[in-house]
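Novice: This is what each chain is made of:
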Amino acid sequence: MVQSKKQKYTFLAFCLVPTFIMFAVFTLYPLFSGLYYSFFDWSGASQDKEFIGLANYITLIKDAIIPNTIIHDYFLVITKVIGIMILAMFFAVALTQLKIKEAPFYRIVFFFPNIMSVVVIGILWTFIYNPNLGLVNSGLEFLGLENWARPWLGDENWALPSLVLPSIWAGIGLFMLMLMGGIANVSKSYYEAAEIDGANQWQQFWKVTLPLVWPQIKISVLYIVITTLNGSFIIVQVMTGGGPNNSTHVMGSYLYQQAFVQYNFGYGATIGVMILILSLLTVLILQFLLRRDKVEY
Amino acid sequence: MKEFRKSRWILGLLALVLIGVVAACSSNDESEEEEATDSSETSGEGGISGDLEIQYFVGGYGDTWWKEVIADFKEKYPDVNVIEHAGPNINEEMRSRWVSNDPPDVVYIDGAGSSETQMVEDGQLMNLTEWVEGIELDNGDKLIDSFIVNPGKFDGDIYSLPLVFDTWGTWYDRALFEEKGYEVPTDFNSFMSSMTEIKDKEGIDPFVTSGQHPYYFLRGMLYPAFGAAGGDELLADLITGKEGAWTSDVVLETMKKVEKMQQEGMFDQGLGALNHTQSQMNFLLHENAFIPVGFWLPNEMKNDIPDGFEFGFIPSPMQDAGEPFAIVPDLRPLAIAENAENPKAAKAFVEFVFTRDYAMSFSEHTGAIMNLTEVDLTQSDKIPSYLTEANEMINDTEQVQIYEKPHPMSADLETPIGNALMSLMLGNMTAEEFVQEAEKAAETYRNSN
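These protein sequence lines map, in sequence, to chains A and B. The first sequence: position 59 = 59 (the UniProt record's numbering), numbered continuously. The second sequence: position 410 = 410 (the UniProt record's numbering), numbered continuously.
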């Protein structure tokens with residue numbers, strides 16, 4: 001039976017309209033109301049609001065804490081991208097190419113942190129970093145490196161780097177699986193051909209594996225960047241609350257503090273607009289940097 | 001034509017579903033409002049009836065006292081239907097009600113996410129100045145003359161009545177101190193010598209507080225220190241961010257004491273990351289010997305107290321030798337919403353709560369003090385000894401001076417000062433740098449208001 005045009009459009013509308021309405025209600029509306037509230041002086045706890053134009057944006061530019069939160073965010077982005085991609089790639093190659101018998105077991109172990117809530121991970125690592133009872137300091141003492149032991153999360157210089165480790169640990173599993181999927185799709189014949197040509201494992205990785213899983217790598221990097229810019233707030237909030245002395249505040253946690261602790265909801269919304277703009281810019285720049293012609297052999 | 005009709009039918013159905021969803025969302029509020037107006041029309045005994053919504057935070061003091069009071073209230077006013085909104089996150093949960101101008105009738109302001117100052121600034125609380133004058137206690141005493149600490153005033157008006165008299169002070173384990181013969185501090189010098197001795201003999205950093213909440217140290221140690229050094233006036237200047245207050249000599253001298261504590265290694269090295277519970281747990285586990293918190297400590301941690309641990313409480317010993325201890329009470333008030341739907345019942349409830357009998361039972365239930373004078377805590381054997389002793393001390397002006405702050409410090413000022421304070425306590429800032437930072441924060445605060 002041939003579908004009439006009407007039928008086709010009805011079906012399309014049936015599929016798209018509810019989705020669009022949901023998207024409008026849960027994404028577009030909050031987006032624009034966020035923008036709207038950024039022009040008001042509002043505590044977020046009452047009905048009183050006062051229109052103040054761009055005053056919140058002027059405060060934003062003058063706020064000395066803002067540049068630091070941006071630096072902290074991008075510090076996390078860069079360290080996480082490097083850490084997660086290197087380790088996930090390493091494990092993915094090891095589990096697919098090296099023919100390890102226990103590969104399924106390791107796959108589960110590495111994926112395990114992904115099914116845990118970030119809040120649980122944060123609390124777990126708070127205990128690991130505990131200066132008196134924690135694994136890290138006890139381990140260092142056991143190795144005779146007492147001088148290296150320090151109150152990791154309570155130190156203005158070390159708190160932020162200390163957040164990188166749990167973030168990487170929590171992220172590896174998912175991206176490892178993605179890369180493994182990519183590697184599994186690479187035809188064995190390429191490796192056989194490479195071997196006949198005398199390429200060693202290392203050369204096979206650089207010349208065959210890496211170019212062929214590039215699309216997966218690109219998606220992984222973008223995904224890590226976006227989730228970090230939008231979601232690093234959780235781990236900061238759970239583990240340090242932005243302290244000590246703002247040394248771990250990221251944009252998201254600072255937004256939360258302004259909007260819900262200091263009752264400057266309008267200013268919080270302004271920070272939200274800034275996060276949106278920075279995330280968009282970052283993704284656009286990354287798209288440009290990571291563009292690379294699709295490789296086919 | 002047939003298809004056309006069919007597609008219209010499907011679109012129509014879709015629209016219907018959507019309308020249904022929207023209507024379902026909004027109909028809730030309407031029915032609630034109807035109920036409220038219905039019930040307030042049917043008048044009961046004494047004209048007080050209808051729904052009464054009470055919002056109260058449940059933290060370290062628990063909720064048993066509230067349950068008792070509300071049950072008694074229901075007995076006295078059977079026509080009033082009391083709706084309780086309670087829990088540790090109640091301030092967050094009820095926020096949307098306050099924003100949409102549909103607040104509960106009575107609110108007990110305490111815990112994270114609540115700010116009396118903010119509520120008054122937003123015009124959410126009823127002005128009680130005239131009404132409170134007429135309230136009398138059972139024996140005929142005027143309520144307004146029977147508070148330990150008077151209600152906070154905003155431009156001369158009263159918007160809330162202080163219910164709980166809490167005070168931050170310094171806690172120690174009395175059993176440990178008696179066993180090892182450590183000195184219970186009486187002023188800053190003896191505090192330092194006591195901590196030095198403990199540091200040497202126990203091998204621990206003697207002092208702990210929550211670094212995630214720097215205002216614990218501000219309220220627990222510095223307010224009393226400022227009170228002792230400059231009285232109510234200095235406290236008021238610092239809290240309102242008056243120009244030059246934070247850079248004044250008395251403040252710098254006090255901050256030098258904090259710097260000294262840091263330099264001599266009295267602060268727990270890991271305190272920068274500790275949260276509320278972790279810091280209190282550290283104290284109970286003898287990882288540290290002193291902690292500045294309020295009266296909630298024993299009740300909140302009652303399941304984790306090691307055997308043989310005995311709570312001892314002193315006002316924070318930051319004052320110079322020869323001076324009396326200083327206490328700056330921290331009050332948790334009860335207030336009525338400006339837009340309360342049932343103000344009559346709300347007033348009846350507030351009046352009902354402020355009695356000396358309930359003050360006694362409050363101390364029994366919570367281990368803290370209700371803000372009424374002439375409550376003889378020694379009458380009850382259910383009240384812990386630290387509380388009767390603290391109560392006695394507070395009432396003895398030779399030992400302890402009470403200083404009052406005009407109102408709590410705004411979070412906009414407290415947050416940056418707390419951050420700088422944490423830096424000072426971690427040894428990354430000097431006292432001089434701290435007062436400059438604080439003065440800067442005060443300037444920003446003044447300009448934003």
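None of these hints come from the bench; they were simulated from the model. Check before you lean on any hint, since a few could be wrong.
[What the hints assert, rightly or not] DSSO-like, lysine-lysine: derived pairs with alpha carbons at most 27 Å apart:
no., chain 1, residue 1, chain 2, residue 2
1, B, 74, B, 242
2, B, 347, B, 76
3, B, 382, A, 49
4, B, 142, B, 440
5, B, 344, A, 62
6, B, 76, B, 153
7, A, 62, B, 440
8, B, 153, B, 344
9, B, 302, B, 382
[Unchecked claim] Incomplete in silico selection of chain A near chain B, CB under 8 Å:
no., residue
10, 43
11, 48
12, 122
13, 156
14, 159
15, 161
16, 164
17, 198
18, 199
19, 237
20, 240
21, 245
22, 246
23, 262
24, 263
Beta carbons are placed, not taken as given, at the ideal position from N, Cα and C, and that holds for glycine.
Novice: Against chain B, run the beta carbon of residue 159 (chain A) and see if the smallest gap drops under 8 Å.
Specialist: holds (7 Å)
Novice: Next pair to validate is residue 347 (chain B) with residue 76 (chain B); report whether the Cα-Cα distance is within 27 Å.
Specialist: It holds: about 14 Å lies between the C-alpha atoms, which stays within 27 Å.
Novice: Just to be careful: measuring from the Cβ of residue 263 (chain A) to every Cβ in chain B, is the smallest value less than 8 Å?
Specialist: holds (5 Å)
Novice: Does residue 302 (chain B) pair with residue 382 (chain B) here, judged by a C-alpha cut-off of 27 Å?
Specialist: Distance of about 15 Å is within 27 Å: holds.
Novice: Would the hint linking residue 142 (chain B) and residue 440 (chain B) be met if the CA-CA limit is 27 Å?
Specialist: Violated, at about 44 Å.
Novice: Do the numbers back the hint for residue 156 (chain A), that is, is its least Cβ distance to chain B under 8 Å?
Specialist: Holds, because the Cβ-Cβ distance from residue 156 (chain A) to chain B comes to roughly 5 Å (cut-off 8 Å).
Novice: Is it true that the CA of residue 62 (chain A) sits at most 27 Å from the CA of residue 440 (chain B)?
Specialist: Given that 27 Å is the threshold and the Cα spacing comes to 13 Å, the pair holds.
Novice: A closest beta-carbon separation below 8 Å is what the hint needs, so does residue 246 (chain A) meet it against chain B?
Specialist: holds (6 Å)
Novice: Go through the hint on residue 198 (chain A) and say holds or violated, using the shortest Cβ distance to chain B against 8 Å.
Specialist: Hint violated; residue 198 (chain A) Cβ to chain B Cβ min 54 Å, cut 8 Å.
Novice: Would the stated hint for residue 164 (chain A) survive a check requiring a Cβ distance to chain B of less than 8 Å?
Specialist: Residue 164 (chain A) check fails; min Cβ-Cβ to chain B is 15 Å, beyond 8 Å.
Novice: If you take the shortest Cβ to Cβ gap from residue 237 (chain A) to chain B, is it below 8 Å?
Specialist: violated (10 Å)
Novice: Checking one constraint from the list: CA of residue 153 (chain B) to CA of residue 344 (chain B), max 27 Å. Satisfied?
Specialist: holds (23 Å)
When held up to the earlier numbered hints, the structure conflicts with 1, 3, 4, 5, 6, 12, 15, 16, 17, 18, 19 and fits the remainder.
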